[in-house]
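Residue numbers (the working numbering), protein chains in the order written: chain A, 1 to 144; chain B, 1001 to 1144.
Hints listed in this document are in silico derivations from the structure and should not be mistaken for laboratory results. Keep in mind that the hints are not guaranteed to be accurate.
[Claimed, not checked] Pairs of lysine-lysine, BS3-like flavour, derived with a Cα cap of 27 Å:
{"id": "1", "chain 1": "A", "residue 1": "Lys-125", "chain 2": "B", "residue 2": "Lys-1125"}
{"id": "2", "chain 1": "A", "residue 1": "Lys-110", "chain 2": "B", "residue 2": "Lys-1110"}
{"id": "3", "chain 1": "B", "residue 1": "Lys-1110", "chain 2": "B", "residue 2": "Lys-1125"}
{"id": "4", "chain 1": "A", "residue 1": "Lys-125", "chain 2": "A", "residue 2": "Lys-110"}
Spelled out from the first residue to the last, the chains are:
Protein chains: 2
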Amino acid sequence: MSDAVLAVHRAFYDAVETGDVDLMASLWVDDAEISCVHPGSHPLRGTAQVLRSWTVLMANVGYIQFFLTDIQVVTFPRGAAEPTTALVSCTENILSGDGLVSAEAFSGGKAVCTSILVNQPAGWKLWSRHASPIAELPIPDPED
Amino acid sequence: MSDAVLAVHRAFYDAVETGDVDLMASLWVDDAEISCVHPGSHPLRGTAQVLRSWTVLMANVGYIQFFLTDIQVVTFPRGAAEPTTALVSCTENILSGDGLVSAEAFSGGKAVCTSILVNQPAGWKLWSRHASPIAELPIPDPED
Chain A
1 MSDAVLAVHR AFYDAVETGD VDLMASLWVD DAEISCVHPG SHPLRGTAQV LRSWTVLMAN
61 VGYIQFFLTD IQVVTFPRGA AEPTTALVSC TENILSGDGL VSAEAFSGGK AVCTSILVNQ
121 PAGWKLWSRH ASPIAELPIP DPED
Chain B
1001 MSDAVLAVHR AFYDAVETGD VDLMASLWVD DAEISCVHPG SHPLRGTAQV LRSWTVLMAN
1061 VGYIQFFLTD IQVVTFPRGA AEPTTALVSC TENILSGDGL VSAEAFSGGK AVCTSILVNQ
1121 PAGWKLWSRH ASPIAELPIP DPED
């Protein structure tokens, strides 16, 4: 089950890397309540608005590649044989033709992303995505 | 059902505003896979690490108040009478004793937050939280 979730999650990055607008559109639930938070931005809501933002972003980036690390998948309900919802978090290490910069609105080569996917008749689809830049500001450790 | 989700979501902010560590601890699922992304930071994983970060943050902030706007609640499975999972997103407008600054590690008076809650026997609990600063960088509009 996690493999099917991860395949869709990876296909999202493939779509950005190859500028494949049709693939990108196929990955999202079509619903006015889906959401996408680009780094540093307000949430976008609804499939039309979210896909439009990706089309613009993909049109404005040349070579780009995502190296994903620290990938975690959790499915809900916990322990269910047929989960309905999945949470994927990862760190995006972004390499582009301009050097290490983000494909999204906020500069910086590293972002953390939390995605929600839902299990639909056609398979797992993206419902929500929240990405933010990593500023390398550690939380102070009380034991230090 | 959304009311019960929102009550827990609001209690989280009450805990931060009042520095109530016990209330904060009561709101999270106790599991090694829960996660919390503070603005600008890497994900923290596991209840012990997440609660420790909040204890430190609450100890280091004086007066603080959150005005939540643009709150959206979606429950999964969509349309189910007994949903198992909920997604809450909101904009946090943060007022503190030092003026409009964030309670978390990243400066700035506005953040966007995506929270995942799960329905447990004891009620809705927080599973994941991802907050990021709003940098007011608009996504370019292709029609402009």
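Against which earlier hints does the structure fall short, listed by number upward? Violated: none.
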